[in-house]
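Enquirer: Here are the chains, one letter per residue:
Number of protein chains: 2
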Amino acid sequence: MTARKKTAPKKSARKKSAAKARVKATKTKKKATRKKAAKKKAAKKKIAKKKPTKKKPAKARASELSVFFFGGGQADGNRDMKVLLGGKGANLAEMVNIGIPVPPGFTISTEVCARFNELGGELPDEVRAAIGQSVARVEQLMGTGFGDPHDPLLLSVRSGARASMPGMMDTVLNLGLNDETVSGLVQQADSRFAYDSYRRLIQMYADVVLGVSIKRFENRLRDVKEARRIELDTELSADDLRGLVSDFLEIVEEDTGSPFPQDPFEQLWGSVSAVFGSWENERAKKYRRLNRIPADWGTAVNVQAMVYGNMGEGCATGVAFTRDPATGENHFYGEYLQNAQGEDVVAGIRTPQPINEASRRKGTMGMPTLEGEMPEAYDELVGIYQKLEESYRDMQDIEFTIQRGTLWMLQTRTGKRTAQAAVRIAVDMVKEGLIDQAEAVMRVEAGSLDQLLHPTLDPKAERHVLAQGLPASPGAAVGNVVFSAEEAEVRSKAGEKVLLVRIETSPEDIGGMNVAEGILTARGGMTSHAAVVARGMGKCCVSGCAALEIDYHAGTIRVGGAVIREGETITIDGSSGEVMRGEIPTLTPELGGRFGEFMEWADRFRELEVRTNADTPQDARVARDFGAQGIGLCRTEHMFFEPNRILAVREMILARSPEERKGPLERLLHMQRDDFEGIFRVMENRPVTIRLLDPPLHEFLPSDEEAIRDVAHALNKEVAQVRATLEAIREVNPMLGHRGCRLGVTFPEIYRMQVRAISEAACKLDQEGIAVKPEILIPLVGHRGELERLRAQVEEVIADVKKTQYPQTRVRPTIGTMIEVPRAALTADVIARHADFFSFGTNDLTQMAYALSRDDAGKFLPEYIALGILQDDPFVSIDEEGVGQLVQMGVEKGRRSKPEITMGVCGEHGGDPKSIRFFSRVGVDYVSCSPYRVPVARLAAAQAALEKRASRSS
Amino acid sequence: MTARKKTAPKKSARKKSAAKARVKATKTKKKATRKKAAKKKAAKKKIAKKKPTKKKPAKARASELSVFFFGGGQADGNRDMKVLLGGKGANLAEMVNIGIPVPPGFTISTEVCARFNELGGELPDEVRAAIGQSVARVEQLMGTGFGDPHDPLLLSVRSGARASMPGMMDTVLNLGLNDETVSGLVQQADSRFAYDSYRRLIQMYADVVLGVSIKRFENRLRDVKEARRIELDTELSADDLRGLVSDFLEIVEEDTGSPFPQDPFEQLWGSVSAVFGSWENERAKKYRRLNRIPADWGTAVNVQAMVYGNMGEGCATGVAFTRDPATGENHFYGEYLQNAQGEDVVAGIRTPQPINEASRRKGTMGMPTLEGEMPEAYDELVGIYQKLEESYRDMQDIEFTIQRGTLWMLQTRTGKRTAQAAVRIAVDMVKEGLIDQAEAVMRVEAGSLDQLLHPTLDPKAERHVLAQGLPASPGAAVGNVVFSAEEAEVRSKAGEKVLLVRIETSPEDIGGMNVAEGILTARGGMTSHAAVVARGMGKCCVSGCAALEIDYHAGTIRVGGAVIREGETITIDGSSGEVMRGEIPTLTPELGGRFGEFMEWADRFRELEVRTNADTPQDARVARDFGAQGIGLCRTEHMFFEPNRILAVREMILARSPEERKGPLERLLHMQRDDFEGIFRVMENRPVTIRLLDPPLHEFLPSDEEAIRDVAHALNKEVAQVRATLEAIREVNPMLGHRGCRLGVTFPEIYRMQVRAISEAACKLDQEGIAVKPEILIPLVGHRGELERLRAQVEEVIADVKKTQYPQTRVRPTIGTMIEVPRAALTADVIARHADFFSFGTNDLTQMAYALSRDDAGKFLPEYIALGILQDDPFVSIDEEGVGQLVQMGVEKGRRSKPEITMGVCGEHGGDPKSIRFFSRVGVDYVSCSPYRVPVARLAAAQAALEKRASRSS
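One line per chain: the protein sequences are A and B, in this order.
Its first residue numbered 190, the first sequence is counted upward by one per residue in the numbering used here.
Its first residue numbered 190, the second sequence is counted upward by one per residue in the numbering used here.
You can take every hint at face value.
Remember, identical chains collapse to one label, so a pair may be satisfied in a single copy or spanning two.
Quick list of in silico lysine to any residue cross-link-like pairs, SDA-like style, CA-CA up to 25 Å:
1) K851 / R980
2) K474 / R980
3) K1082 / E1070
4) K1048 / E848
5) K474 / R1022
6) K475 / R304
7) K1082 / E1069
8) K953 / T805
9) K1048 / E977
10) K475 / R1022
11) K992 / Q982
12) K475 / E977
13) K1048 / P937
14) K1048 / Q982
15) K1082 / Q1060
16) K474 / P937
17) K1048 / Q910
Don't read these hints as lab results, they were simulated from the structure.
Using the sequences and the accompanying hints, generate a full structural model.
Expert: As structure tokens, this is what we get:
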């Protein structure tokens, strides 16, 4: 081993050589800045072109190099080579390229990972050779020697995959220490530091490389601390640590039968191999499966000279963000610890100090700042962060270490941020000329907007969490506990803010849910009745909070040891699923200003129209204010559940002949007409798609004996008759039963009433001069014949209304069909001949294509996802591989036979960004989603359009 | 009108000219026979080639002629021109061509029908001209004149479409009669006959052409009969009829404002137009829709000289079959009436006489025969029938009229026959050298074989029908009424023949159904539990017999006024749905002889393998004897319902942990192993596909309170626990719920037990030297991940059994999946990678693709079919347009990714001939059906192969 034979430079030389390395590091600075500027220009011109041009250099060099050096002001790689170098390696190279001080080192490429596995866990010889050469270059730059007993070079070995996989793979630090070199380190630093470093190396190496159980080391450490009656590791003396080192070495030898390797290169081969090997450990594999990271990507390995923020005086370590990650404000924000290691900042044992005044928070008011304590290093850091932001054109999350006054950058990466910060940063960067509007639109994760549209709990407020349920519908709500929908309505009318708490909800609770601030249930998943309805209402909901023992009779919730009584105030957080006692202050969303501007930009790029699913004028108004361009789905049956209507509906169902059905239908006609009038008025001049009655009739009848008796009494019928009707219309598989257009065929008078209500409402407004665009949607069509027949019926009623009541009207309702039955998608060509538009009901399409009842899937779907059989819940993001084929087929076949047909999606997928990208690709005209998802859909649609543009131009 | 200007030939000339016409008719006889022989040879060589060569002459001449003459020994058309001339016209032309005496006339082609409609109901001028010329030729041949007052030519105008549409379109007879010519007919025949003919013309013409209500004529006729106190039309005198004629003429004038047209050509134009027009009447349109006859086929119109079998002495009319249509025996069979019109034979007012000794039946023993009474005409008829059979090479159904000693043939067509006759005729004709085996195989309707495989009621026995239900499973059964499955088993063990009568059946009745002679239910359709299970068992079943009021408690069935008590004997006919009191004698099927030979021929042509769905060794044996080549679907859960097992199954379900589940699973393992051993033994060396547990677990638990208590008691559990489990596993949509492979994922120990039972049974028999081919089928797979996971589990168990118990075994089970979830068909390419075979479950595929629950469809499916929204029940014949696409996709994608994969169909469609043709076209390897459908499937598969061959060579 050549390194060991080197003679040690003098003590003072170390600092000098480190300085030299740093000087070298800045050499190519100017050149790099020029390059960057050119690149930025190109990027502004055509964002889309960036990707392919970026990849080229990486590919061209891939065959030449397996080890990429960085340091001394130049690097073999750059930031566009993530495929080959992983994220960490590419960014380290980039920093070197733009003249930022980084401890020198090298990245062993992801291609080596593949070869390493092919060889059964062996490093190829030429890679070993290249590593050896690179170590020599690091020695040269650092002025130390790997294995030099006087001034040893110490190395870190870290994984670095293309996608971030935090904590999934292994790391080994302080390589190069052994019984001999440790005394060199004693000379360079002090003996406490040296033996502590050696102890850590032994423990990590034994764990990661040798597979020795960490327990034995921990136990030994605990014994020593107990004997010494101390609490913290930092209280251990140099002697204690020296003793621990010899104990640890013993443990390794006992456990493995061989002594701890003293040869630094043996340590290096072992560590590099272990890190490559950790790509295939169970933890990493599971993480990849869950995050859809392909196994063949492999990881890169970064080997780097160690620098220390815990070498005493003039040492520090910290993390910072180039802008405020919580608010997005354009100021440098960060925390640091003096004389500490990187882990200590994150671990939270010591409270970190703010790096500057702008970074002060409640708990850190009196503390000194880096700016004040180490002004030179701070100034340098400011220069670096500005350079990084200019170069990356995005907010960066950086890690730094100051070793005895010298600043070293350890990492830079794009920083995570809140939705609010994301919008602000994107808008500000456009104004600063860093990025263009298209790039700004791509910078905000569409799904995250949800956070901005609902009230949120003040992050500064304390919260004592009582229980945790499912985050079923986002937002925060504070209210007094009520246990029934009726009670909710009564108290709400009296001006009280209530929170409806139920074991589970049913359609009869709609009224109460509507007036409540939020909904909390003990049972039911993310797709339970409470969850779905609450999301539709844009109302906060926590569902399936199993820890709650709700006793309606006693009027109490028992949870843990606590009891909450009816009327007590609680707070729920629908974004986290948390349930808290008392009132926690909330923050109201601010939708104007930067947010409004940002959404305008999004709309400029968007190709898909965004409509909303709304059943009431109130919902329609909310959605319109959120930018909905129409109603894509108005579910008439939701109106049927209102307390003053359900009786008429029930009377209609219990009628034994079309004759008996007339009375209740007449009453419903008046009510529905008023509803539609209200909705048309709000949505003036925008399309309003109204779906005719869809659910099976038994959903409108009560199920328990008492309710049956009430209904019988109210309608003046025999209890036995009500029960018999209920029995007769009960179904084995209601999802596949007598519902949708099948009701329209067998009870034509119901659809006639609905179409009459729509037509009369539309014509009346038209007469008032209000433009209306009604679209009549026929559900559950599976066969052309159904649509053909019902379309004729619908047209007949419209014609009759016009002829007899409004001969002058300009109203021209269009007639379309849901595509929600697989067969409808398969035969979309023949169905299209009878339809003005298609509305894809992707919820039901998923249920049927997958043979997956949403109501029943709770018994196995979670296990499927846990086992990795399915990656996603197909009700959240559309299953592109399967159900998506049906959508695509429906679009293509429908357009082939009727090019002018309009296509939309009205399932809940219409508000899911991933699904929206898919719908945009297959070419639908609009998506429709619940009111509170409208901004999310608008942004997702804009991003989809930009992606399409990018893929077209590539 | 040239015809009217003709001078009348003398009275005696009429007979002479008729004879001349007949002489001319036989002129080309020899030539025709030669032609035929040549054709037959060609046909034998390659049946498939017949169609296209046949059509050519028709097409070639289509542009030249619109009116095709026949008579005088030659015809413009021939029998291959059905497209242009309709069935009737083509066969009339053919008879003339082969020298058979046919009243001369002409056929106006189907192309004229299209032009007629294009012109808004006008006959093109050139067609009128051609008709005029043709009438002149008929006059010449008949020696009479159209409108000749002395010896008028009378014409009939009849429709004749490509496909038979009996009674759907109009007919006008006796055209050419008017106030003048009627006296000519008086001279030729007698005045009673003449005025009766004129009266009929007026009535028919007024009805068909002028649209006068037939009521007025009928009322007038009734008045006259009442005044004369007579019952029958035949009792009316010549004077009565003359009076009626003048009354009828008055009615026409009153009703239409114009007198009855006296011009014969006006009558002819009117009639031809009316018959063409009747193609578009509502009745015809509905018939076409139901029978899928395209509207653009149009009808031809046949105009022909009238001949009369009711002109007195030497006159007769009859219908005959060239072979016995009931038994297929090779003898001439027919009935006739002396001095009568064709309608009279069919109408049944007079009992027809047998034409010969072989045609005698019980009621016609003493009657004279045509052979005895009119030997010359009979001999001539025999000559003609032989010629027709030789020419058509199939059994013919013929109509003839003898007018004053002269024989005229009015119609020939392929005769309808029973299944038994069809097989016999086909086999005999092969032996007689008339047809080849391939043609014989095509001659028997595959579905009709069902009639042959079950006992049938003796057609000669009297039956008094008590009630009519649905013909749910064919055959006939006689037995003593029992009302419960338990009672059925008890009595059956005691040697009694029982008939199980239930309001409806459930899986718990399986045992009783198995021992009963037949099953009768008051509720449930063709796809109810009783119907499906009975068909599977090949057992006679009448379902949905709503007229029965079954009182289990009283032990009675009330039906109409009658009461049937438990233990009384009844008979049911599962082919007609009839329920009868007492014992009706039945006939046992004869499956050897000609049937056996016929099926052997079918097997020679067949490409599809035919397997069976069988769950027990008994079923397997029946199916094997019917020719099944393996088991395509063995439903393990059917075994679970047996009384001695269900308790173990319930214990398994009620277990709260895998640990508790061990005991019952161990017991089930032993039982299932024995089952599989039995089945493997019967199916030696044939593939046996065993499906792992499929239905949701709640199907195995009782639902009523008493049964719940019994189960709790038997298993020593709390009633509350049983009820709670039941509640917990109950589902909203069980069809889309926790079933199939989802059970395999969440309760791996159940599938493990089943795979162990299969493997141990197979290995044991293999050790005994019996070849076994187990195929393990995983149900309800929708996602590749499910199959991947379960396949690994299955392989693990098999490997374990082999390693620990049978290291020497040659058993190599294959592992495949059901394709029954739409998504599985859509992603068949990725699923195929983990499957050795696909088994298409077209029942479930239909339910899901159509969103149509079989259990619930009864509420609207019948209405859909009645309204014509659907043509067929998609559970009977596969919906090729929609569900069929998924099958095709599954086959194509599966084969693309794994060419060697085996594909089968195991839904009930596997026994439906129309569906089998489809499966054959898309290229599956086998179909599997219930044991009693195996011969049907074998024949249908053979026909499908022959059709494929034909379409390939065309």
